[in-house]
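Visitor: The chain contents come next:
4 protein chains.
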Amino acid sequence: MSEKPFVSESRFRIRYAETDAMRIVHHSSYIVWFEEGRSEYMRQVGFPYSRLESMGYYLAVTEVKARYLRAAKYDEEVIVRTTVASVRSRGVTFRYQVLRAADGELLAEGESVHVCIDDDGRPRRLPKEVTELIGRYA
Amino acid sequence: MSEKPFVSESRFRIRYAETDAMRIVHHSSYIVWFEEGRSEYMRQVGFPYSRLESMGYYLAVTEVKARYLRAAKYDEEVIVRTTVASVRSRGVTFRYQVLRAADGELLAEGESVHVCIDDDGRPRRLPKEVTELIGRYA
Amino acid sequence: MSEKPFVSESRFRIRYAETDAMRIVHHSSYIVWFEEGRSEYMRQVGFPYSRLESMGYYLAVTEVKARYLRAAKYDEEVIVRTTVASVRSRGVTFRYQVLRAADGELLAEGESVHVCIDDDGRPRRLPKEVTELIGRYA
Amino acid sequence: MSEKPFVSESRFRIRYAETDAMRIVHHSSYIVWFEEGRSEYMRQVGFPYSRLESMGYYLAVTEVKARYLRAAKYDEEVIVRTTVASVRSRGVTFRYQVLRAADGELLAEGESVHVCIDDDGRPRRLPKEVTELIGRYA
Chain A
1295 MSEKPFVSES RFRIRYAETD AMRIVHHSSY IVWFEEGRSE YMRQVGFPYS RLESMGYYLA
1355 VTEVKARYLR AAKYDEEVIV RTTVASVRSR GVTFRYQVLR AADGELLAEG ESVHVCIDDD
1415 GRPRRLPKEV TELIGRYA
Chain B
1295 MSEKPFVSES RFRIRYAETD AMRIVHHSSY IVWFEEGRSE YMRQVGFPYS RLESMGYYLA
1355 VTEVKARYLR AAKYDEEVIV RTTVASVRSR GVTFRYQVLR AADGELLAEG ESVHVCIDDD
1415 GRPRRLPKEV TELIGRYA
Chain C
1295 MSEKPFVSES RFRIRYAETD AMRIVHHSSY IVWFEEGRSE YMRQVGFPYS RLESMGYYLA
1355 VTEVKARYLR AAKYDEEVIV RTTVASVRSR GVTFRYQVLR AADGELLAEG ESVHVCIDDD
1415 GRPRRLPKEV TELIGRYA
Chain D
1295 MSEKPFVSES RFRIRYAETD AMRIVHHSSY IVWFEEGRSE YMRQVGFPYS RLESMGYYLA
1355 VTEVKARYLR AAKYDEEVIV RTTVASVRSR GVTFRYQVLR AADGELLAEG ESVHVCIDDD
1415 GRPRRLPKEV TELIGRYA
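Residue numbers (our numbering), protein chains in the order written: chain A, 1295 to 1432; chain B, 1295 to 1432; chain C, 1295 to 1432; chain D, 1295 to 1432.
Where hints are given, some of them may not hold.
Same chains, same label: a pair holds when it works inside one copy or across any pair of copies.
Calculated lysine to aspartate or glutamate pairs in the EDC-like style (CA-CA distance at most 16 angstroms, straight line) [to be verified]:
#1 K1422 to D1412
#2 K1367 to D1413
#3 K1367 to E1347
#4 K1359 to E1403
#5 K1422 to E1347
#6 K1367 to D1414
#7 K1367 to E1330
#8 K1359 to E1405
#9 K1298 to E1423
#10 K1367 to D1397
#11 K1367 to E1399
No lab work stands behind these hints: they were computed from the structure.
Chain A extracted, bound-state conformation (with noise of 0.2 angstroms):
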C-alpha cells in the first residue's frame, strides 16, 4: 500500500477543433481529455489500457462528472491529474483535474465510474493482476 494515492499527468495543447462558438473549450471535449487522463494513468503504472483490451476486458463508463470553473482557449497548454479514487473487484472509479499549465489554475475537475465487460457486453470481474496493481497506487 502506498501512503499517498499515485497521481498520473498527461500534458498537451488545446487543439481548436475543441473549441466552439463560445470562442472557448466545449464542455464534452474534457470528458475525452478525462479519457485521455485514465490512459495515461494505466500505462504509467504499467498495465496500458490496450492490453487489457487484447486480453478481451473493457471498462464501460456507467457514470461521469464534470465540474468547470474556468474556461479554456485553443492553444493553451493543459495538464490532467488521474488518480484512482477506488477500486473493486468488477470496476474502478478514476478521479480527474484539469489545469492550465502555465499558471496552475484548476479548469476543471470531474469522476469517472468504471465496470469491467467482455467482449459479450457481460460484467466480468476485473484480472487480479489489474485490481492489485491500480489498488496499490490507488
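Once you've looked at the hints, dock chains B, C and D against the given chain A.
Guide: Here is chains B, C and D on its own, set in the frame of chain A:
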C-alpha cells in the same frame, strides 16, 4: 404555472462517428446529445438559444453528469427528452433522458447546470423574458 | 438503369459542438455530415450500411475531399444531398452537396472513395446484391 | 530562402474517442490532426496561429483532401509532418503526412487550402510578416 413540467423531444439516428472501438456509442457523444436536447427545448418553448446569443448572453456549462445504463449502436434511432429541473435569476438546470426509439429502453440520463454570462464571460442575470418563459414550463 | 442518378437527402440542425472559435462550423464536421449522407443514401436505396456490417463487410474510406464555399452557423438547418459517382466490384465513390435549408445556398461539396474490406481488413468484393442495387441508382 | 522546405513534427497518442466501430481511427480524426499539424508548424516558425487570431485574422479552410493508406489504432503514437506547399498574398496551402511512430509507416497524407479573412469573414491579405516568414520556410 403548468401542473407538470414541459418535456421536449429530439429524435435522430446515431452517427458512425459517434461510436468507438468498443463498437458502441462513445460516452462523450451523450454529452453532445444533451446539448442537442436543450437546444430543442429552448426552440420548442419559443426562445431559441441562438436568439439568446444574438442578445449577447450565453449559458455556460458549470456542471454535467451522465449515468449510462445501456449501450447504443450505430444507426439506432434515439430520443432525447429534456426538462428544466430549476431556473434561477442567473442560471438554469436541465435534465435529460436518452431512450432507444425502437423499444423505449432508457439508455442514459443526465443533468447540466448553467450560468448566464455575457460576451466578456461575466455572470449576468438571465433576461427576465427567459426566466419567466422557462419558469412557466419547468 | 435509371435515367438520372438517385439523390438522397438528410436534413438536420447544426449542433453547437460542431462549431469552433471562429463562431462557424468546424471544417471536420462536414466530413461527419458526408458520412451521415451516405448512411441515409444506403438506407433509402434499401440496404442500410449497418446490414452490410452485420454481414461482415465494411466500406473503408480511402480518400475524402471537401470544398468549402460558405460558412454555416449553429442552429441553422442543413441538407446533405448524396449520390453515387461510381460503383466498382470492390468499392464505391459517393458525392455530396451540403446546402443551407433556409435558402438553398451551397455551403460545401465533397467526395469520398471507399473500398470493401472484411473483418480482418482484407479487400473483398462487395456483395453482388449491393453493387447491383447501387449500380441501378448511380 | 531555405534550400528545402521546413517540416514541423507533432507527436501524440491516438485517443479512444478518435476510434470508431471498425475498431480503427475514424477518418475525420485525421482532418483534426492535420489542423494540429499546421498549429505546430506556425508555432515552430515563430508565428503561432493564436497570435494571428489576436490580430483579427483567420485562416479559413476552403479545401481539404486526405488519402488513407493504412488503419491506425487506439494508443498508437503518430507523427504529423507538416510543410507549406505554397503561400499567396491572400492564403496558404499546407501539406501533411501522418506516420505511425513505431515503424515510420505512412498512414495518411493530405492537403488543406486556406484563405485569410477578418473578423467579418471578408478576404484579407495575410500580414506581410506572415507571408515573408512562411515564404522563407516553404
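Visitor: Each hint: holds or not?
Guide: Now for the hints, and whether the structure bears them out:
Taking the closest pair of Cα atoms, K1422 and D1412 come within 16 angstroms of each other only inside a single copy of the chain (15 angstroms); across copies the shortest separation is 35 angstroms, beyond that limit. With identical chains, the CA atoms of K1367 and D1413 are at most 16 angstroms apart between copies only, with a shortest distance of 15 angstroms across copies and 38 angstroms within one. Taking CA atoms no more than 16 angstroms apart as the test, K1367 paired with E1347 passes between copies only; the shortest distance there is 12 angstroms, against 33 angstroms inside one copy. For the homomeric pair K1359 and E1403, the shortest alpha-carbon distances inside one copy (8 angstroms) and between copies (12 angstroms) are both at most 16 angstroms.
Taking the shortest alpha-carbon separations for K1422 and E1347, only the intra-copy value of 15 angstroms comes in at or below 16 angstroms, while the best inter-copy value is 35 angstroms. In this assembly of identical chains, K1367 and D1414 lie within 16 angstroms of each other by CA distance solely across copies; the values are 14 angstroms between and 40 angstroms within a copy. For the homomeric pair K1367 and E1330, the shortest alpha-carbon distance between copies (14 angstroms) is at most 16 angstroms, but the shortest distance inside one copy (18 angstroms) is not. Taking CA atoms no more than 16 angstroms apart as the test, K1359 paired with E1405 passes in both settings, with 5 angstroms inside one copy and 10 angstroms between copies.
For the homomeric pair K1298 and E1423, neither the shortest alpha-carbon distance inside one copy (20 angstroms) nor that between copies (51 angstroms) is at most 16 angstroms. Proximity of K1367 and D1397 under a CA criterion of 16 angstroms is satisfied intra-copy only: 14 angstroms inside one chain copy versus 34 angstroms between copies. Taking the closest pair of Cα atoms, K1367 and E1399 come within 16 angstroms of each other only inside a single copy of the chain (13 angstroms); across copies the shortest separation is 32 angstroms, beyond that limit.
Hint compliance for this structure: hint 9 is the single one not met.
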